[in-house]
Amino acid sequence: MEPVADYSELERIGNELFDRSQAGTLDFTAFQRLFHEAIAVCGPDNDSMEMFCPFTKPKGWWDWMVQELQKTSSRRVA
Amino acid sequence: MEPVPRPQWASPIEVGVHARSFYSALPEQPTREVLRALCNDPKLLRFLERHKLGRLEFSGSLPKPDWYGSYDPPLRVLVVNAFRPPASYGREFDSPGLMSVSAAGKNLEEAMQRSFYHEIGHHILERLPAQILDEIAVQGRSGRASPISIRARNNPLEYFCETLRLTDLRTRLRT
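Chains as they are written, first to last, in this note's numbering: chain A, 1 to 78; chain B, 1001 to 1175.
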């Protein structure tokens, strides 16, 4: 697992994801911004990135997330 | 290694009842060992009867190979990583400094059991009304609750999913 630079930053991102989702203000632009902010904090391979999965319900969001993740190389192949 | 349909190894999960299908890339014994976590959890099995999973899979088919599990809400596809590196489990249970509850699994099977519960947590959360999610958030942010892991602090959904496995273990210890 890649080192996480700042856990409090991941908390901020995760809580903004949740709060926007609950308030109905999590649009695709906000989702993309938060996703890239999280990658900048912990890297795409980190299991914490799984926290984005529950928010991929709108059509196309899951596919976009997976494509973005697979643009980046992984250190290990399963 | 590609996952193969293994409905005959899925007990106590019944394909067609608790999940639409079951695939595993692991041999029989470790596959059965991971699923054994549900044997003493009739409430969760009843929940899965009412809210069936889609494809349940133990494999490396995750968005990233280092993820421990994933849950795709629209399709209800739940994947648990069967090939996570040994460095990702076998840690001391030093809550709340533990990265995730699954990291304290003693071996691969136990780590997978914990990740399985974490992902089932997301499946449960999908079926809860927004008001309950708000209540989980209030509890998690109240200062009265101690997140069990670093991962549990990420947001209220992760708080619930990380705690779910521990709740099950405590229930079993009491019975």
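Hint data in this document are derived by calculation from the structure and do not stem from the laboratory.
Take these hints with a grain of salt, some might be off.
[Stated by the list, open to error] With a cut-off of at most 27 Å between alpha-carbon atoms, the simulated DSSO-like pairs for lysine-lysine come out as follows:
#1 Lys-1052/B <-> Lys-59/A
#2 Lys-1106/B <-> Lys-57/A
#3 Lys-1043/B <-> Lys-1106/B
#4 Lys-71/A <-> Lys-59/A
#5 Lys-71/A <-> Lys-57/A
Comparing the hints with the structure gives:
no., hint, result
1, Lys-1052/B <-> Lys-59/A, "holds (21 Å)"
2, Lys-1106/B <-> Lys-57/A, "violated (34 Å)"
3, Lys-1043/B <-> Lys-1106/B, "holds (25 Å)"
4, Lys-71/A <-> Lys-59/A, "holds (20 Å)"
5, Lys-71/A <-> Lys-57/A, "holds (21 Å)"
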